[in-house]
Amino acid sequence: MRIQPGQTDPAVIRNFCIIAHIDHGKSTLADRMLQITGVVDDRSMRAQYLDRMDIERERGITIKSQAVRLPWQVGETDYVLNMIDTPGHVDFTYEVSRSLQACEGAILLVDAAQGIEAQTLANLYLAMNADMTIIPVLNKIDLPAAQPEKYAAEIAHLIGCEPEDVLKVSGKTGVGVRELLDHVVRSVPAPVGDAGAPARALIFDSVYDTYRGVITYVRVMDGHLGKRERILMMSTTAAHETLEIGVISPEPKIADKGLGVGEVGYLITGVKDVRQSRVGDTVTSVARPAVEALGGYEHPKPMVFSGLYPIDGDDYPELREALDKLQLNDAALVYEPETSAALGFGFRCGFLGLLHMEIVRERLEREFNLSLISTAPNVVYRVIMEDGKEVTVTNPSEFPTGKVDKVFEPMVKSTVLVPSEFIGAIMELCQNRRGNLQGMDYLSEDRVEIRYTMPLGEIIFDFFDQLKSRTRGYASLDYEPSGEQEAELVKVDILLQGEAVDAFSAIVHKDKAYGYGVEMAKKLRELIPRQQFEVPIQAAIGARVIARENIRAIRKDVLAKCYGGDISRKRKLLEKQKEGKKRMKMVGRVEVPQEAFVAALSTESSTDKSKK
Amino acid sequence: MPSTLPDGDPVPASGELPASALDGLGGRPFGLYVHVPFCVTRCGYCDFNTYTASELGPGASHADYTATAAEEVRRARAVLGTAELPVETVFFGGGTPTLLPARDLVRILRVIDKEFGLAPGAEVTTEANPESVDPAYLAELRSGGFTRMSFGMQSAREHVLKVLDRHHTPGRAAQAVREARQEGFEHVNLDLIYSTPGESDDDWRASLAAAVEAGPDHVSAYSLIVEDGTRLAARIRRGELPMPDDDVAADRYLIAEEMLTAAGFGWYEVSNWATSEAGRCRHNLLYWTGGDWWGVGPGAHSHVGGTRWWNVKHPAAYAQRLASGASPAHAREVLTPEDRAVERIMLELRLSDGFPLAELARPVVVARALADGLLETEAFKRGRAALTLRGRLLADALVRDLVS
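Line by line, the protein sequences give chains W and D.
Take the first sequence: its position 214, counting from 1, is numbered 214 in our numbering, and each next residue is one higher.
Throughout, our numbering is defined as the position within the second sequence, counted from one, plus 612.
Be aware that a few hints might be false.
[Said to hold, decoys possible] So the derived label-pair ranges between C-beta atoms look like this:
(1) D:A846 - W:G344: 39 to 47 Å
(2) D:G985 - W:D314: 43 to 51 Å
(3) D:E971 - W:A553: 26 to 34 Å
(4) W:K581 - D:T616: 23 to 31 Å
(5) W:A543 - D:E770: 56 to 64 Å
(6) W:E362 - D:A625: 48 to 56 Å
(7) W:K561 - D:Q794: 28 to 36 Å
[To be verified] Which residues of chain D face chain W? A partial, calculated answer using Cβ under 10 Å:
(8) R769
(9) S835
(10) T887
(11) T1000
Hint data in this document are derived by calculation from the structure and do not stem from the laboratory.
Quick reminder that beta carbons are idealized off the backbone N, C-alpha and C, glycines included.
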């Protein structure tokens, strides 16, 4: 490394991030930059070098960001480029905004065969509002389906530049990447800060490492952070000592001289929990603390809740331990123990959104080898009782009965980008989900941006699947929280033989209660095996039954033959069935197999139906 | 394709039994089962251990089989030691035992008598396909010591027999019963199968009527079971035939109970009816009440004092084992007291006499079964758990509840 950290002149530093949609090739482009700048040799290059988690690599998405210091020469001058990798999904908008705050410039990376997507657009607006320098880039120009002219025009229209200003690269072949790096040096402003002021560094990421504890990624704004220095987290006022401070290039390198203004790196203090080192917080020095924290810190707020239960009740302690471990690396994950009459002991977990939920669930199953049932996701409701008391509901079965005055539900502003031929389909879907049209703009001749406000509860219930299936996959969606609204919401209970199954209760708009009830009752009739007695399935709002199905009693459950040669086999089968019975959940006298819960709580069949 | 054998523990080459099995030997009724693994053709629904080739290798061909089976009978005597073991029942099953000449069956019976001694009034049964016997054959069996014939009638309807791949004409089974009666067989059974694809309620009634009309003293009625790997299963999978429906089977069972009761038969096991207590199959009752029996032949299962074992399946492998002086047993299991308790409930609950209430550990399950009409109130008062008609149709479910 030609320029040592801690003594880098801010004038040669360029901090930038890449804004891109999943699959638009951000990781591939980043890989190419690592190679071209020479920090990774061709031999040790592996695809998507910066994505550490298996799930990231498999799904092709980046969940946690990271920062890499790259050397780059333009003319005779050596520069330091800090590339800050940003997460690319709607659930992590807040983390994206913090990554943006750490940079002066952003590469807007768009697939030349697909055009810009809704989440990219949302992040682009964030970057533009932050007055960042935007470098528009079309990627994958090597693809036969690429339409660089068309999408260059679209981007030019969005950011107000000329189509010719849009750079064209291929992360795969490396074409145009050198020019892009040169362009970063020329157009992204150098960071500006007060080297003499008390230290202020922005935490833009925080990762738990089994061996090192929490690794905190920071961008120094003012002053200087050194090794063996007592530092202060300004939101939590917790003080720690920096055991190690360094940069990533792309392996960690210790910075003996610490980090100065404009520099990007990591610090290790020995804390074991990312909640002690929160994204968006400001790091300062204990000896000479800053007066004012950097702006924009928000405490992560769970928006979506779901119950997680081990399929085998004996796994409950393992599930608790696994959640504890995941939380070390995920400040947004919250959970508390919960008991379900139908599912036993589990946890009510809060997530930033659906993807966050899926990722947590997948990690629990994959990294901790757990088999889980998750209840249908729900949002948080604020219920005002007639006596003025307020109840916060994160679990439908806790929805108060009777004497309810008002119910408030969280709202989102959503943006859908879609080819114009699907405008009708999108409007129908959003209208059906109680959406309120806020506006529509043509991005280009045949692509529109449609904006709706909608209840979040409508979005988390298979909205995304519907969106994709109604637009042949062309629509993209972004949304951000936008207050709450009062709504006529009711709790629908599902009863088996007169007994409510808490795991199936749902809070829905009163106009949709009937549909939900009918569909759930039908689904369960197919999923629950016949019992020795008739099992009525009812959907009810309070005491009012709105839908009913029947599982007919089984009439024959006996093998006709049982002779000398059948006995061993039959006994072994019986032992197996005995084990199977243990895995049944009892609802009153009704035996419900685990699979029935899993299938009934998934939203797949409702999606399939709409596809016909 | 014959079904696969259960898993088990290895058996010593000597066939020697654990001490626990020999304990109390002779104090329990003792019988022999002789498996004859030959058929002319394999029926589409059958997964029994049977083969259609007549030459299966040394010791396993039709001609050699008698000697091979006789060898296992002698081996049985040696393994069981010197205890007095009068044979209460002998049952020849298959396959088609009557594919062998009558004198071969009689010869095997003589060896059994010589080695163990038949008890006075012993029951000696053979299964037979109606088309594989004639009066002379039956006479030879009767005079050779056989006391009971069991004919596979299955159905009186030609289209049903066709689906089952049975080749006898509908009237032949009834005729065989009359011939057996004429030749002096006091006990005759007819096997029937219901809920075959394509069979109607009326077809089933007609089969029952024809069976009753033929005058047997015992009827077994089985719902058709579609076994994996059979031709029938393949045809159903391909959609050529519908899968038998359990509700239809339940209806057919009720029809059987109604018509057989009206004709003077009484049920004594879920799938078995007899005109009198004397007409009940003593050999099968031995299976169901924990008796000892030695199963002779490839794939045959045995039970002695809580040890169950089963022979190698293929007739050639079986014959080879015996020829080399080794036990033909493939594997065995020594039942734990818990296994034995589970088996007792599983088997005895299927009998009309039922199971002693005092030995059932789940009073809540029993009370519920009584309330649900699965157990007889009168029997309950006498301290027995005995199935009602509804209970018979749900017997497996009740057993699961009782042992879980």
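Here's how the hints hold up against the structure:
no., hint, result
1, D:A846 - W:G344: 39 to 47 Å, "holds, 42 Å"
2, D:G985 - W:D314: 43 to 51 Å, "violated, 36 Å"
3, D:E971 - W:A553: 26 to 34 Å, "holds, 29 Å"
4, W:K581 - D:T616: 23 to 31 Å, "holds, 25 Å"
5, W:A543 - D:E770: 56 to 64 Å, "holds, 59 Å"
6, W:E362 - D:A625: 48 to 56 Å, "holds, 53 Å"
7, W:K561 - D:Q794: 28 to 36 Å, "holds, 30 Å"
8, R769, "violated, 19 Å"
9, S835, "holds, 5 Å"
10, T887, "violated, 21 Å"
11, T1000, "violated, 13 Å"
When held up to the earlier numbered hints, the structure conflicts with 2, 8, 10, 11 and fits the remainder.
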